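Trainee: Now for the letters of each chain:
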Amino acid sequence: MIAARDLCKRFGGTPVLRDLDLDIARGRVTAIVGPNGAGKTTFIKALLGLVKPDSGLLTFNGAPVGAAPAYRAQVGYMPQIAQFPENLTGADFLALLRELRGVAETDERLIDEFGIRASLDKRLRVLSGGTRQKVNAAAAFLFSPTLYVLDEPTTGLDPVSSGILKRRVLEEREHGSTVILTSHILADVDELADDVVFLHEGQARFAGNVRELKRQTAQATTERAIAALMLGERAA
Amino acid sequence: MSALAGTVAKFQARDVVRSRWLAAYVAFFWIVGEGLLRFTGGDARAVLSLGSIVLYVVPLVTLVFGTIYLYNAREFTELLLAQPVDRRSLYFGLYGGLTGPLCLGVVLGTTMPFLMRGGAGADPAVLALLCGTAVALTLAFAAIAFCIALACTDRLRGLGAAIGVWMLCAVVYDGLVMATVAAFDGHPLERPMLMMTLANPIDLARVMLLLRLDISALMGYTGAVFQQWLGGNTGLLAASLALCVWIVTPAWLGLRAFSRKDF
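Residue numbers (this note's numbering), protein chains in the order written: chain W, 1 to 236; chain L, 237 to 499.
For reference, chain W alone in the conformation it holds in the complex (with noise of 0.2 Å):
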């Protein structure tokens, strides 16, 4: 679904994707993980065409992003950062979506797991940043794409509500739409994920199912062997 080839991007002369080859397939849920400044973060807003990579191709579907804004009427974007005008509301915040991607019909399924349908009505400023927080995540699932790309989606979450997202991710995955998250709790990685991309330095030193992944660094978790590929980096 997803495909990148030679992908290069520098910032103020840092090499911050290095040549990187990843391919992302449709239908399953793919972790992207590694230590702080791998190019998770670039990767991610590539795709979504808020950073214009320097060379190299990327595609969505087959077709080149960035050409043309429409491939991201397919795409739920949840931010790691939930930053809202502050006054506007909860449903100004969904309305305005709404209006931009010209549907009516949305999924409001996690407002209302996440119980806060009472809160749309107040001003994000006087919101908490959990509550925010929810209200970033059920905008992704609003209008049922067929790509989340979701950042660190869990952090801010209280347990209960981080585990009916963690539900909804993979009840979306059953219904055939592709996940992509990037998660520094392994344990949610490993709950979720069924391919892993490990990236380092702006290449993907490891991209491949979980059990393949269990396999070579024999270790019986994900989360094991994430740390082992980690841990293997900073030995080399």
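Hints are computed from structural coordinates only; laboratory data are not their basis.
Just to be clear, a hint being listed does not mean it is correct.
[What the hints assert, rightly or not] Straight-line C-alpha distance at most 25 Å; calculated SDA-like pairs for lysine to any residue: (1) W/Lys52 with L/Leu491; (2) W/Lys122 with L/Trp257; (3) W/Lys52 with W/Leu97; (4) W/Lys214 with W/Met230.
Note that the coordinates shown come from a computational prediction; the quantities given were computed from them, not determined experimentally.
Dock chain L against the given chain W, drawing on the hints supplied.
Mentor: This is chain L only, laid out in the frame that chain W set:
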């Protein structure tokens, strides 16, 4: 493009309208206008005094509020860019969402004291011109604020640059004019003065207002040059055109920077 830009502008404007900043902005002009009318009556001098306050405060508030607005909207801009929206629409949406309420605020605050007195003896054409120049300055300095916020990633530096631009146009400029006049005493200075006025949107707006009020004694050096060289309506038109250039150029530069930026 226009429909998406309109949608973004509508919601951004809703956010700005609800902020305390904007209420204070309207109240400020209202109170100043009210005070001037109470103490002087509605003659040309009251409008002129109000005009000079408006023409200096509008750029300052627009620059400072504009840069802060764009810095605060940074994460939200990323979220909006992840929607099926092109950058051009988003840029003009953000720009419209800022300038709309600011323009409305200054026009409302400035005219209300006069309207509540049934005009208060002020020439409606002059009042309309004052509002027009205030709107033009808002549009120009909001675009400059966008350029600054897009060029400086660092908030504090951007805010410093915004205040620096205002100091340059409002304070340093007058000093430069004075210094030039003093240094080249006895030389023909009409053309260089004309050039200097064109280089400063605040002075342009001031000259426009003065040309319309027809008070040669209060024109100042650059105003006198405009009166002499361009006179009445031609001068007004030339100054308006120059102001338009001051809106379009930074707005275009900002759009270019916004389209190329990595968020």
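Trainee: Now look at each hint and say whether the structure bears it out.
Mentor: Do the hints match the structure? See the list:
no.: 1; hint: W/Lys52 with L/Leu491; verdict: 16 Å, holds
no.: 2; hint: W/Lys122 with L/Trp257; verdict: 20 Å, holds
no.: 3; hint: W/Lys52 with W/Leu97; verdict: 23 Å, holds
no.: 4; hint: W/Lys214 with W/Met230; verdict: 14 Å, holds
The structure shown violates none of the earlier numbered hints.
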